[in-house]
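A.B. asks: Each chain, letter by letter, is given below.
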Amino acid sequence: MQKIGVFVCWCGSNIAATVDVKAVVDAVSHEPGVVYATDYQYMCSEGGQSQIRQAIKDFGLTGIVVCSCSPRMHESTFRKTAISAGLNPYMVEIANIREQCSWIHKDREDATEKAIILARTAVAKLNLNRPLTPGESPVVKRALVIGGGIAGIQSALDIAEAGYEVDIVEKSPTIGGKMAQLDKTFPTLDCAACILTPKMVDAASNENINLYTYSEVEDVSGFVGNFTVKIRKKARSINADICSGCGVCTEKCPSRKAKDEFNMGLSNRGAIYIPFAQAIPNVPVIDREQCIKFKTGKCGLCEMNCPAGAIDFKQQDELVERQYGAIIVATGFKPISLENFDEFSYSQCPDVITSLELERIMNAAGPTKGKLLRPSDNTPPRTMVFVQCVGSRDTSGCGKTYCSKICCMYTAKHAMLIKEKYPDIDVHVFYIDVRTPGKNFDEFYRRAVEEYGVNYIKGMVGKVAERNGKLLVQGSDLLADDQIIIEADMVVLATAIEPDESARNLATMLTASIDTNDFFTEAHPKLRPVESPTAGVYLSGVCQGPKDIPETVAQASAAAAKVIGLLAKDKLRSNPCVASSNEMLCNGCSTCENVCPYGAISYVSKEIRSAGKMEVRRVAEVNEAICQGCGACTVVCPSGAMDLKGFTNKQIMAEVDAICR
Amino acid sequence: MQRIFGLIKDRVGALLADGTVDRVIGWEKGEFLYDHTPAIFNAEDDLVDLVYDGFCASNLSKYLIDESKKDGKILALLKPCDTYNFNQLIKEHRINRDNVYVLGIECRGMLDIDKIRALGIKGIEKVEEQGDELYIQTIYGDKTCKRNEVLLEKCINCKGKEHVAYDELVTSGEDIPQVESNRFEDVEKLEAMTSDERFAFWRGELSKCIRCNACRNVCPICSCVECVFDNKDSVVASKANTDEFEENLFHIIRAFHVAGRCTDCGECSRVCPQGIPLHLLNRKIIKDINEFYGEYQAGQDTNSLGPLTDFTKEDVEPSIITEKGGEK
Amino acid sequence: MIFSYYPGCTLKTKAKELDEYARKSAKVLGITLEELPDWQCCGAVYPLAQDEIATRLSSVRALVSAKDVDRDLVTLCSACHHVIKRVNHDMETNEDIRTKVNNYLELDEDYRGETNVVHYLELLRDVIGFDELRKKVINPLKGKKIGAYYGCLLLRPSKTMEFDNPENPTIMEDFIRAIGGDPVIYPYRNECCGGYIALNKKELTQERCNSIVASAIEKDADMLITACPLCMYNLDINSTEQKLPVYYFTELLAEALGVK
Amino acid sequence: MYTAEREMTENVLRISNVNTRKCMKCGKCSGACPAFDKMDIHPHQFVSMVEKGDIEGLMNSKTLWSCLSCFACVERCPRNVEPAKLIEAVRLSVIRKQGENRLKADDIPVLLDDELPQQAIVSAFRKFSK
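Chains as they are written, first to last, in the numbering used here: chain F, 1 to 661; chain S, 1 to 328; chain P, 1 to 260; chain Z, 1 to 130.
Calculated directly from the structure, the hints in this document are not laboratory data.
All figures in this text were calculated on a predicted structure; none of them were measured in a lab.
The hints are all genuine.
In silico negatives: residues of chain P with every beta carbon more than 12 Å from chain F:
1) Thr13
2) Pro37
3) Leu57
4) His89
5) Asp110
6) Glu122
7) Gly129
Dumping the calculated EDC-like pairs for lysine to aspartate or glutamate here, alpha-carbon to alpha-carbon at most 16 Å:
8) P:Lys202 - Z:Asp37
9) S:Lys313 - F:Asp518
10) S:Lys9 - S:Glu168
11) F:Lys569 - F:Glu136
12) Z:Lys25 - F:Asp433
13) S:Lys69 - F:Glu607
14) F:Lys613 - S:Asp66
15) Z:Lys38 - F:Asp481
16) P:Lys12 - Z:Glu115
17) P:Lys202 - Z:Glu115
Derived CB-CB ranges, DEER-like:
18) Z:Met59 - P:Asn165: 28 to 38 Å
19) F:Gly370 - Z:Asp37: 34 to 44 Å
20) P:Lys142 - Z:Asp37: 35 to 45 Å
Heads up, the beta-carbon is just placed ideally off N, CA and C, and yes, glycines get one too.
If we strip away everything but chain F, and leave its shape as in the complex, we get:
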């Protein structure tokens, strides 16, 4: 029989205002096994903890129930308290009477009744608890960063600087990401390439960093400290070891039909190409869909002209398997498709463009060599209209419900850059709200208005129609209570951003959670913003939510700091709440093995004495170092041979019984 102590916390008024804590103490003190019960204003305070320690000693408690907040909040606190009083930490149970009770109920009587039920449920379970001892697992001292944009690069650099190996897996042929496509950055207007390319070079030359470009993560198994990741290195059709990056092949390629992704489809590229001048690695790739050699078997001009003989049409995808201690997700974003927003005529008028397309048009390395020209006829525009919130803050189902956060600032940037370079161009910005919280952000926006004379119109555009080569932008001017039509030459849509399409698939592989918009969810929105709830998985950049470059870089370094903290350890304490198989009951059917997501179960032939005779049976064995205690095996086992330590079937049933009593 256990000797159980129950400690009911008031949490100031958080619990005590809604739950009659004295009534809980009184009710629970009659429960089987309970020898001591008390309440206290702040159980997690030093005073509360010392009360617990004292009671453990005075009453020889074998286990304690703390009725307080969510175990996510203070379970580890009270486990430490137990340890310091000589009690096994797994003899501590938490009854969550705050988040699951006092915070969600208004009626004091109802809340008190529920708190009593939750307390006695914890007691019922604790009566069946057994002391558990955690094992240890080693940490692989290498990190994986998925995504090679500014977020991934920054995280990798910081980890590498700390002396750990780090691999970057990037699906496109070069690292750099979206930032490499940008012209200037707000609020300082320095050139994106000037600040990004040195980082790209650093990443490439750092001996601790290993780049897998044109590669994708195909499978992830294992757990914190010991992930096994399969990476597919897609065939570039180039022998990267001997390629000098001279670029002759890209000039000789006769195919010119492919849309240049880097220029947002505003120009064409060859079938063999290097995405941009500062690409890293500076090795071309053959787009097999476009390549004449791959399509018809003829051509091969690149091969003939390559001075290094680096072209390899027969190259195959390569599968690499690597071990990692930690994984950082930095998969970034893309602008949404505008198919639901044809009122802005994006698909019908070439002079209606997205902001990212404008970045390319403004960029010296872009399709117009940095000259602001209309895509339809290559003439300079006289009037430009910017439309904000295209697809953001949209609850109609056409766009995204959230604010994309960066559009207000980059639109102000675009407006200012245009005015700076072409003072004669009229620039109008339709806005709903201008959101500029950030260091020097509002000053920046106001400068666009006050110094550069950008015309900000509060209102939304209802329709863009083309007439005689002009774009008629019909919209609201809410402050003048007017409907206005601006004859524009170009319209720029501040298109909402969404997570890269790879996020969903990756989240499944990592068993990391994503929200309804496919943004990765953080472990705690305030206190653990760069960690995924899945141990060993960290988040960096826009994959977690819209953010600008400084925020992204800050988060990238924060995620790196978390990873460094993990890799600095030699061993991780493993969770002792793992599965175990009762070989007397095991049928050997392999069902548990099939469902185990960690590959922790294997089968052995064993001599079993059953009903007085010996026989050789095929039975399941759990590798406790690999088992993560998810419990999937226990629910599929038909004979009930699998059980989870700390959460045994009996304990769960005892809890259910206590609730239903």
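Please arrange chains S, P and Z on chain F, whose structure you already have, making use of the hints.
C.D. replies: Using the frame of chain F, we list chains S, P and Z on its own:
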């Protein structure tokens, strides 16, 4: 039927004689002409007791769990539908395939004695099967009826005449008529009910249960080393002693234990002395699995992962399951 | 294939060609349009108010009589289509309206929006197929630059109408291609013609129609086609500055199929 | 809000089944409206005035008789507010009162021309009369 029996007997005799197999599992005559019983035959001479006719419904695959672990090779007479269970048990590593010689035998569908009696044919002394006709001698004179009028429920919804596992086939070469049916028809009727109606239906049926365990004992899938209902440490067993639990939950827990593994062999309903339509519980789950994860037949092969133990990104979202499983 | 057919009031009077040519063409295309018995006016405008029950009844009667013969219901006039489709949507999704309408009608079996409402253009696109239609054309309208005028009721609200992309539709352009013409895409093809306001605010309708016609002319259209008698009237009569011939799409269809 | 005002507002909200609180005041409805110039109270203001409870003001507005029911505001609203339904609800609040019909049978003959489709008359009648 006589012809195929002759062929089977000859072949079994030959395989015993040449030492290919050491034992045979088949059927012998039971107490009544319609309850032939599974039996082991150790020598050629014993085969005088072997029978095969329309009353050999029992599925022999389950016996192979124990029999295949013994020394020597056993020959098993398996009808097409029995081979699905054989495969499923192979998949679950319960049968030692090396020790079994599967003689796949032709089947025209098995007969339901209750349906024959329901036609007013009583005092049966002999049943002779000729093609699709039955000639029945009774103490009240000779009667005839059509075979397909008196098939067992499981045979009306026959999975087909193909064996999915065998070492050798014995066939008569005659054409076997297929019965057209929709096995989910009754499930659809249940689904169309309100939850109250459905609850009343199952309470009515399950309250007939006398916990004889026949359904569990005959089920080829319900073959755990130790059943949770017999294990006093399993928590479930102790619950089984409290009031009304048996009729309410025994069968439902059993249906969940065989979910994704049940081949729909129909033995549970066939052997139930109380006539509870237990197969409907299994079929409801089979139908749901088909709808949620795509068509799946347990026992079709020996290596695929069952839909309930295989996780894919295409798996149906829980919200859809809740929606479809909810009140109609 | 047999479909129930709801012509609507105007098609029996002012817009006979819209109806007549539709029937003739359907025949050539192997479709039988069986006019609903004793149909009544759909009400002409969809009752936007939740508490309007009486004004929904005539549409429900049409829907029920199509359900009784277990056929899809084909409509031709954009306005009728809009009203009937939306009332059907209410009957399917709005419990309050459904209950009240059913209580009033006292049918043998409650109507719950079972009937599938199909516009004639959808019939051409989804049942016959524009490729099939092209094969049946004997007088292709070669060299004709035709601007499709959609107006508002066919397309909006798109979540209920589920007809086409509400801002950049393609069905009528595909239709024009199928009968051998050259579609002219102009930006105001889904802007309102003014509709019933023609009755009391003619100048507003004129403004609307002038900008629509100007937009089509600017893109080189020779003619306009429409699926709605009221749009046809407005574009024809109320365009005061520039003019374009306006036809029902069925008239060109009949011409192309050689049954005009 | 006074009781009478509140009652009228609630009535409009009930008839229209519109939740005005969803409006984020972006003005896209007014940016899209083809009858904007003929309205004294523009679609976005209409939503705000219902929210504020000024139904009286709306009942006297020209807007009620200018709205084309073309659903451009409904289609393009990023928040699913459906301003056209509010206009309809207020219009009904007017014409459901005795003697408030805006179009009478006697008015029709002078408005007719040879080509005018019946549909126009029925539509206008439905919109402007009870």
